[in-house]
Amino acid sequence: MRSYLRDLRLPFCPGCGDATVLNSFLRAVHELGHKDLRNFVFCSGIGCAAWIPSPYLKADSIHVTHGRSIPVATGVKLMRPDLNVVVFGGDGDLAGIGLSHLMHAARRNLDIVVIMVNNMIYGMTGGQVAPTTPLGAKTTTTPYGSFERPIDTTRLVVEAGASYAARWTTFHREELKEALRRAILTKGFGFVEAVSQCPTAFGRRVGLKTAADLLRWFEENSVPLDEAERMVEKDLEGKIVVGEFARREFPAFSQTVREMVKEAMKSG
Amino acid sequence: MTKAVSPGTYFWEGNEACAEGAIAAGCRFFAGYPITPASEIAEHLTKRLPQTGGVAIQMEDEMASLGAVIGASWTGVKAMTATSGPGFSLMQENIGYAFMTETPCVVVDAQRAGPSTGQATKCGQGDVMQARWGTHGDYASIVLAPNSVQEMFDLTIRAFNLAERYRTPVVLLADEIIAHMRERLEVPPSKQIELVNRRKPKQGNKAFFGSQEVPPMPEVGAGYNVLVTGSTHDEYGIRQTADPLVHQKLVERLVGKIATNADKIVQFEGSNVEECTIGIVSYGCTSRAVYETVELGKKKALNIGHIRLKTVWPFPSTIVQTMAHTADMIVVPEMNLRQIFYETERVVQGEVPVFSVNKIGGGEMITPEELLAAIVKRVKNLD
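Protein sequence lines correspond, in order, to chains A and B.
Start counting the first sequence at 0; every next residue gets the next number (numbering that gives the first Met the number 0).
Start counting the second sequence at 0; every next residue gets the next number (numbering that gives the first Met the number 0).
Hints listed in this document are in silico derivations from the structure and should not be mistaken for laboratory results.
Don't take every hint at face value.
[As the list claims (entries may be wrong)] No farther apart than 27 Å at their CA atoms in a straight line, the calculated lysine-lysine pairs in the BS3-like style are these:
{"no.": "1", "chain 1": "B", "residue 1": "K2", "chain 2": "A", "residue 2": "K265"}
{"no.": "2", "chain 1": "B", "residue 1": "K46", "chain 2": "A", "residue 2": "K57"}
{"no.": "3", "chain 1": "B", "residue 1": "K190", "chain 2": "A", "residue 2": "K186"}
{"no.": "4", "chain 1": "B", "residue 1": "K205", "chain 2": "A", "residue 2": "K261"}
[Unchecked claim] Quick list of the computed label-pair ranges, beta carbon to beta carbon:
{"no.": "5", "chain 1": "A", "residue 1": "M259", "chain 2": "B", "residue 2": "P187", "range": "26 to 32 Å"}
{"no.": "6", "chain 1": "B", "residue 1": "P187", "chain 2": "A", "residue 2": "G267", "range": "19 to 25 Å"}
{"no.": "7", "chain 1": "A", "residue 1": "K233", "chain 2": "B", "residue 2": "A206", "range": "41 to 47 Å"}
{"no.": "8", "chain 1": "B", "residue 1": "S189", "chain 2": "A", "residue 2": "R246", "range": "47 to 53 Å"}
{"no.": "9", "chain 1": "B", "residue 1": "A206", "chain 2": "A", "residue 2": "R1", "range": "23 to 29 Å"}
{"no.": "10", "chain 1": "B", "residue 1": "T317", "chain 2": "A", "residue 2": "T140", "range": "19 to 25 Å"}
{"no.": "11", "chain 1": "B", "residue 1": "A258", "chain 2": "A", "residue 2": "A211", "range": "53 to 59 Å"}
{"no.": "12", "chain 1": "A", "residue 1": "R5", "chain 2": "B", "residue 2": "R345", "range": "43 to 49 Å"}
{"no.": "13", "chain 1": "B", "residue 1": "R345", "chain 2": "A", "residue 2": "T139", "range": "28 to 34 Å"}
{"no.": "14", "chain 1": "B", "residue 1": "L194", "chain 2": "A", "residue 2": "L134", "range": "28 to 34 Å"}
{"no.": "15", "chain 1": "A", "residue 1": "P250", "chain 2": "B", "residue 2": "P187", "range": "54 to 60 Å"}
{"no.": "16", "chain 1": "B", "residue 1": "S189", "chain 2": "A", "residue 2": "S266", "range": "40 to 46 Å"}
{"no.": "17", "chain 1": "B", "residue 1": "V254", "chain 2": "A", "residue 2": "R257", "range": "37 to 43 Å"}
{"no.": "18", "chain 1": "A", "residue 1": "R1", "chain 2": "B", "residue 2": "E185", "range": "57 to 63 Å"}
For each residue, glycine too, the CB sits at the ideal point set by N, CA and C.
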């Protein structure tokens with residue numbers, strides 16, 4: 000693990016799930032036989048999860064404006080298709096301000112990995128409602144409880160056309176690692192949603208004060224995808240459907256672009 | 000494989016000249032979003048860049064367009080986007096990011112009449128101050144203003160050279176008239192085109208964000224473990240979000256590298272600057288009418304001098320101050336409601352009166368006769 004990390008103290012609050020996501024990602028990288036992160040470029044936007052790679056990973060990382068990590072990753076990947084381009088971001092960064100970019104990258108089947116750490120809240124700014132916040136949850140900007148239905152980002156990514164999409168929680172460490180491993184191996188767009196605990200800005204306002212409380216909640220509320228498909232919508236309210244939502248082959252975008260360029264060079 | 004276009008005489012549209020200028024400058028990545036009156040740049044580059052081995056892509060919006068350009072730039076490639084006012088507004092966040100992270104890139108803004116959607120197909124010059132101050136925080140910009148199809152080619156190349164030399168975003172502030180007009184231009188042999196490429200770091204040098212006025216720039220995927228961040232960072236790219244001295248040192252260097260090199264960046268075209276009694280400061284499409292005004296003025300025995308700004312920012316203060324020493328007045332014609340007028344007034348510091356001649360809407364240019372009439376009226380008032 001040391002060969003993947005700079006010698007810096009992680010900035011995350013006690014009990015934060017970001018460390019679990021980082022750990023799962025690096026175990027996946029290790030299993031794939033990467034001795035270091037030389038062949039990786041990380042892009043991240045704004046928010047706690049965006050700090051997972053920058054500056055803690057011993058690698059190239061581009062920490063950009065809020066929501067724009069995927070466009071920057073697009074520029075990197077199109078000019079360097081040989082590199083593994085990985086985006087880390089929170090639910091606010093990727094499903095809020097950056098949702099359009101997420102959809103279009105999935106539509107293009109851009110061959111990058113996007114890891115969305117979904118803590119259901121804007122954590123870095125102090126706990127405001129997010130597009131992922133459960134209905135009724137109290138946040139600093141929904142003092143009477145959230146009155147908006149949360150977004151199902153993973154299903155949107157599947158509908159948009161990604162090759163790979165999975166959702167797990169930080170309770171499912173092994174499944175999460177395996178999903179990340181498969182996302183890295185995917186020849187197209189690989190999306191992993193990691194539902195993660197934020198005791199500081201979310202848990203304590205919804206009666207789940209510690210990381211353990213939140214992890215127990217994830218355990219009790221998670222429903223495997225195949226089981227969920229047999230359930231009626233009403234019974235799925237407030238549940239976290241986990242599993243592999245898509246694993247399929249579509250042409251990888253950077254390869255499609257390269258082939259077009261090759262043809263154009265002949266014609267020009 | 001076709002690279003840059005063959006040298007010779009062409010009859011091109013301004014946007015086409017800009018696109019070919021980019022290729023001649025070594026641009027190999029373009030990302031953009033359709034917008035009038037800049038779309039022809041995207042249309043031309045999506046055809047031409049792949050022929051050179053480059054990539055051109057239409058993104059989902061302007062934030063994504065400049066984002067992709069920034070990503071491409073960090074792979075060591077020269078990259079560009081093109082837009083107009085509404086899109087230029089959306090790009091401001093990433094212009095600030097490119098400035099803060101010292102990412103060379105070129106942003107073309109073919110101005111139209113704003114604010115907001117305004118008159119999409121009609122010319123305006125209202126983005127001058129946005130190009131200077133559009134992004135938040137302390138900022139210094141390099142902004143070039145072409146006034147011919149030839150300059151759409153030449154100044155696009157110069158925009159890339161300045162971006163690479165100073166590791167900063169450079170804006171080519173065109174306007175609808177220059178972008179859409181067709182005229183003759185000369186494409187010089189590639190050997191005669193001066194090209195600047197960013198400096199690469201020497202082995203062992205890890206200070207990619209400081210210790211020199213313009214630090215060398217690594218690329219990703221080359222083993223540098225480079226840390227790029229738009230947050231305040233030290234010379235090694237490590238985020239320092241609370242240290243006042245790190246912030247001050249960084250931002251003062253970023254602003255300073257442009258301000259202290261202003262004399263190397265600034266270009267203008269001056270005629271009769273030091274002997275004139277009536278001075279005109281102009282730029283972009285409006286300057287084309289001024290040439291004629293000067294000639295018409297001669298017939299009326301008016302001694303008119305003219306400074307045509309090729310670089311709008313940094314503002315060519317010295318030459319404007321020189322003009323103020325001899326002129327009785329300075330006139331600033333613009334297709335906006337006073338932007339360079341205020342900057343001119345600021346730099347002459349009351350030495351001479353500064354008058355504005357303004358026209359907005361419908362893409363109507365200030366005609367040579369209108370400008371002359373406005374000057375004659377002022378002369379009479381001064382007498």
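Here is what the structure says about each hint:
1. K2/B - K265/A: holds (12 Å)
2. K46/B - K57/A: Violated. K46/B to K57/A sits at ~39 Å, over the 27 Å cutoff.
3. K190/B - K186/A: Given that 27 Å is the threshold and the Cα spacing comes to 42 Å, the pair is violated.
4. K205/B - K261/A: Violated, because 36 Å separates the two Cα atoms, which is more than 27 Å.
5. M259/A - P187/B: 26 to 32 Å: holds (31 Å)
6. P187/B - G267/A: 19 to 25 Å: holds (21 Å)
7. K233/A - A206/B: 41 to 47 Å: violated (60 Å)
8. S189/B - R246/A: 47 to 53 Å: holds (49 Å)
9. A206/B - R1/A: 23 to 29 Å: holds (24 Å)
10. T317/B - T140/A: 19 to 25 Å: Violated - the Cβ-Cβ distance for T317/B and T140/A, about 52 Å, lies outside 19 to 25 Å.
11. A258/B - A211/A: 53 to 59 Å: Once the Cβ atoms are compared, 55 Å apart, the range 53 to 59 Å for A211/A and A258/B holds.
12. R5/A - R345/B: 43 to 49 Å: holds (47 Å)
13. R345/B - T139/A: 28 to 34 Å: At 44 Å between Cβs, range violated.
14. L194/B - L134/A: 28 to 34 Å: Check failed, 58 Å falls outside 28 to 34 Å.
15. P250/A - P187/B: 54 to 60 Å: Since P250/A and P187/B have Cβ atoms about 41 Å apart, the given range 54 to 60 Å is violated.
16. S189/B - S266/A: 40 to 46 Å: With Cβ atoms ~21 Å apart, the hint is violated.
17. V254/B - R257/A: 37 to 43 Å: This hint holds: roughly 40 Å between Cβ atoms.
18. R1/A - E185/B: 57 to 63 Å: Holds: the Cβ-Cβ distance is about 60 Å, inside 57 to 63 Å.
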